[in-house]
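Peer 1: Sequence:
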Amino acid sequence: MAKQDWNALEKKWNTGIDVTSASPEDLTSYINTKIHFYEEDNTTNANLWEKYQDDFQAFTTTNFKQSKLKYIQRLPSSNKLKPEICATDIRTSYTPPNHISTASIEPSSAVRLKSQISHPYTTEITNLIKAYASEPKYEGNGDSIDHKLSCFYHLCELTGVPEEAYPKTLSVMLTGFSKEHYLAANPSQLTFHLAIDHLRNFLEGPGYYRRNLGKLNATNLKSTISQNPNKTTSECLQFLVHTLREIQHELSEDLRNNSLHDKLKTECQGVPACRYAIANTPTKIGELLNNLQNSITAYEEEKSTQKTAHENIYFTNR
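Residues 1 to 318 in full-length UniProt numbering are what the sequence shown spells out, letter by letter.
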């Protein structure tokens with residue numbers, strides 16, 4: 001067998017694999033690479049289970065069957081990779097290297113060993129991983145960890161993952177560079193909140209906040225209208241609000257609270273369709289948005305009426 005370039009393969013499969021379009025050869029290469037680094041890093045027990053879930057969350061039994069069986073047989077708990085595959089089978093069937101039978105050690109040690117191998121929230125964590133299949137993860141490339149944390153907390157609540165399990169599930173919400181950095185930081189030595197602070201401090205420094213403040217200052221309703229000629233003013237306002245909310249999450253904490261209200265108030269000034277709302281600006285963002293929508297609707301109806309009247313006059317004169 002030709003010698004494998006594991007560094008090249010690691011780089012190739014670092015961001016995962018699209019199982020819907022991958023060839024059997026690619027599936028085999030991906031599985032083989034993951035096994036190699038599990039073994040090289042001596043990944044065992046709960047850490048192995050966590051990495052396995054993350055690396056193979058998109059795989060189905062069909063995908064495993066499409067690859068070469070000899071590689072599948074090398075996977076930890078491969079005897080359970082069959083049509084009736086389930087997460088519990090994979091978790092409980094793995095025997096770590098240099099396994100010592102629990103019958104030959106003290107009962108208290110046996111209990112500790114059992115607790116290391118199993119995890120009390122396997123079902124909940126598995127459901128969380130499935131929920132993230134349709135949710136954006138934190139990449140650390142211009143996005144906001146606080147924004148993605150809000151989604152993380154929401155999904156944990158929906159799937160029943162308790163706060164005590166957050167340290168084991170944090171990697172689920174990470175992808176790309178943020179995940180590489182998190183794993184390199186030896187996360188098992190960090191509490192959940194320390195890990196979050198570590199990521200925020202490394203990936204979202206002063207330059208990050210300055211760039212986002214610049215984006216905020218460059219975003220206004222006039223430019224949004226000119227850039228979207230096929231949208232109504234009301235649709236442009238909705239697009240502007242969505243954009244501002246996204247940027248708001250990416251500002252430093254001291255600028256987040258009132259930035260959307262103040263920005264809308266400032267950037268809607270000078271736009272004829274917004275003049276009624278700006279004349280008497282409410283203090284609450286919800287009321288301001290409602291007034292802006294009403295003002296735009298009234299303005300567009302007024303323009304439509306004027307246009308109809310003008311066309312009628314033109315038709316009569318002819």
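None of these hints come from the bench; they were simulated from the model. All residues carry an ideal CB built from backbone N, CA and C; glycine is no exception. One or more of the hints may lead you astray.
Restricting the straight-line Cα-Cα distance to at most 30 angstroms, the calculated cross-link-like pairs of lysine-lysine (DSBU-like) are [as the list claims (entries may be wrong)]:
| id | residue 1 | residue 2 |
| --- | --- | --- |
| 1 | K222 | K168 |
| 2 | K222 | K284 |
| 3 | K263 | K231 |
| 4 | K168 | K231 |
| 5 | K265 | K303 |
| 6 | K263 | K284 |
| 7 | K12 | K137 |
| 8 | K11 | K168 |
| 9 | K130 | K51 |
| 10 | K130 | K168 |
| 11 | K168 | K215 |
| 12 | K51 | K65 |
| 13 | K65 | K137 |
| 14 | K215 | K265 |
| 15 | K215 | K130 |
| 16 | K12 | K65 |
| 17 | K137 | K51 |
| 18 | K12 | K130 |
| 19 | K3 | K51 |
| 20 | K65 | K3 |
| 21 | K231 | K215 |
| 22 | K51 | K12 |
| 23 | K11 | K137 |
| 24 | K263 | K303 |
| 25 | K11 | K130 |
Label pairs and their calculated CB-CB ranges [unchecked claim]:
| id | residue 1 | residue 2 | range |
| --- | --- | --- | --- |
| 26 | E302 | E157 | 43 to 53 angstroms |
| 27 | E39 | N230 | 52 to 62 angstroms |
| 28 | A298 | G160 | 42 to 52 angstroms |
| 29 | G160 | E25 | 35 to 45 angstroms |
Peer 1: Taking each numbered hint in turn, which are not upheld by the structure, reported in ascending numerical order?
Peer 2: Hints 1, 4, 11, 15 not satisfied by this model.
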